[in-house]
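These are the residues of each chain, in order.
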Amino acid sequence: MRFHRVLVATLVEIFASIGRRGLRFFPLLILRLGRGSLLLFRILAGLPRACLRPGLVVKQIHGLGVLSLPIIAVSGVFVGMVLGLQGYINLVDYGATAQLGALVALALVREMGPVISALLYAGRAGSALTAEIGLMKATEQLASMEMMAVDPFQRVLAPRFLAGLIAMPLLACIFTALGILGGWYIAVWQLGVDSGSFWSQMQASVQFVDDVVDGVLIKSLVFGFVANWIAVFEGYDCLPTSEGISRATTRTVVNTSLTVLALDFVLTALMFGGN
Amino acid sequence: MSGSRKLEFTVGLFVAIALLAFFVLAMRVSDMSGLAEGDSYTVQARFQNVGGLYVRAPVTMAGVRVGRVSAIELDPDTFEAVVSMALDRRYPLPTDTSASILTAGIVGEQYIGLEPGGMDEYLNEGSEIVLTQSALVLERLIGRFLTSLNE
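Here the protein sequences line up with chains A and B, keeping their order. With the first letter of the first sequence counted as 1, position 80 gets the number 80 in our numbering; the numbers rise by one all the way through. Numbers in our numbering are just positions in the second sequence, counted from 1, shifted up by 1000.
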């Protein structure tokens, strides 16, 4: 009986602590969302001025896009090769290996291309973006810019955001195209699928507007917007200490990955769920 | 090359590679180079049953693809399926062309096969193919076979 009472008391205490934590956490979440939205508005307001200085944007495209190219390219080829191999193993039982091209292309164009390149981008470029801005904040570079009447939103945040927004669809296109070439290499050169049927089945089932534009371009634009917003926000919002920067970098990767995956479901339901 | 020129060059190269990748996606992966919307005309056909026919299924004549299914709707008055097909302008078809829904292989996808007629007038935008043959529905076929066995 006594044991029973202790058990109930412990359970109540556990639930209460979860509730307390939730109560503390929830206003923080709303607060961060509000700060993030304000930051987004200030970045968007700084975008026209950033466009007037294309040199800054080009430099950031180099940092965020060009330097992400090796990891995007290599992952794209390998993802395509795995898709080709797995698809072949599953289709060969039904004698339907001619459909392999359609399978690889649709999987890459609709889902894998934009999603995986966004995840890689978050790990490779988003984290760097957060760390850079966080360190600028910690070493009071942003504050000193304001002292010199230079708006850090126009000079630092907006060019980076814009560059990331431009780089993301480009990276997704490269990832997808290389993935399809990787799948083609495995299917045609290694497994002996007919090259003609590989391409013609692909062309018969992939639509330009519905799959390529909606799948690769629109999705990666949305992902690029979210990934760069989170990266810039976490950097700007971090605690200006070494620990704060490390936490902010982790949060960038985690939050971007979760948001991209959740948004991907929503976008897929909107684009391809209708039929 | 100076530092900023080199930077600009690599970024330019990056954008060029990405555009090339997009071009590959447009021309090689999807069917941009195939049937464009502009040079096609739409004809309609009524079927009792379209089976598993879907929008964008191929329309062929003598095994050659001449267009694709653009819409499938149900006529609320006659309860027939109205199938719209976008056909290539390069192939003018006689007005008494007949359309039937066929299946590629045993479990393959369904498509529309056209058989040419002998009239010297041609189908054009909005005209209707009158001679049609519905899809073979396997369950119905088996049912008919079983009832014929009983008799």
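There's no promise every hint is true.
Said to hold, decoys possible - Now the stretches of chain A that chain B is said to cover, found in silico as 3 or more residues with beta-carbon under 8 Å:
1) 59–71
2) 79–88
3) 172–185
What the hints assert, rightly or not - Listed below are several chain B residues computed to face chain A (Cβ distance under 7 Å; list not exhaustive):
4) T1010
5) V1011
6) F1014
7) A1016
8) V1024
9) A1026
10) M1027
11) G1063
12) V1064
13) V1066
In case anyone wonders, no lab produced these hints; they're calculated from the structure. Cβ atoms here follow ideal geometry from the backbone N, Cα and C, with glycine treated the same way.
We went through each hint and held it up to the structure:
Interface restraint, the region 59–71 of chain A with chain B: holds (6 residues with C-beta to C-beta distance below 8 Å; minimum three). For a cut-off of 8 Å, the count of residues in the region 79–88 of chain A with a CB near a CB of chain B stands at 0, and the three-residue condition is violated. Figure legend: the region 172–185 of chain A, annotated as covered by chain B; annotation consistent (6 residues with Cβ-Cβ distances under 8 Å, at least 3 required). Look at T1010/B: its Cβ gets to within about 5 Å of chain A, closer than 7 Å, so that hint holds up.
The interface hint given for V1011/B holds, since its Cβ lies 5 Å from the closest Cβ of chain A, which is under the 7 Å cut-off. Of the supplied interface hints, the one on F1014/B holds, with its beta-carbon coming within about 5 Å of a beta-carbon of chain A, less than 7 Å. Restraint check, A1016/B versus chain A: the minimum CB separation of about 10 Å is more than 7 Å; hint violated. At a threshold of 7 Å, the smallest CB-CB gap from V1024/B to chain A is about 5 Å, leaving the interface hint in force.
Because the closest C-beta pair between A1026/B and chain A is about 6 Å apart, less than 7 Å, the hint holds. With a cut of 7 Å, the hint placing M1027/B at the interface with chain A is violated, because the nearest CB-to-CB distance is about 9 Å. For G1063/B, the suggested interface contact is broken, since its CB lies about 14 Å from the closest CB of chain A, more than 7 Å. Against a cut-off of 7 Å between C-beta atoms, the interface hint on V1064/B is violated, since the closest Cβ of chain A lies about 13 Å away.
The beta carbon of V1066/B comes no nearer than 14 Å to any beta carbon in chain A, farther than 7 Å, and the hint placing it at the interface is violated.
Violated hints for the displayed structure, listed by number in ascending order: 2, 7, 10, 11, 12 and 13.
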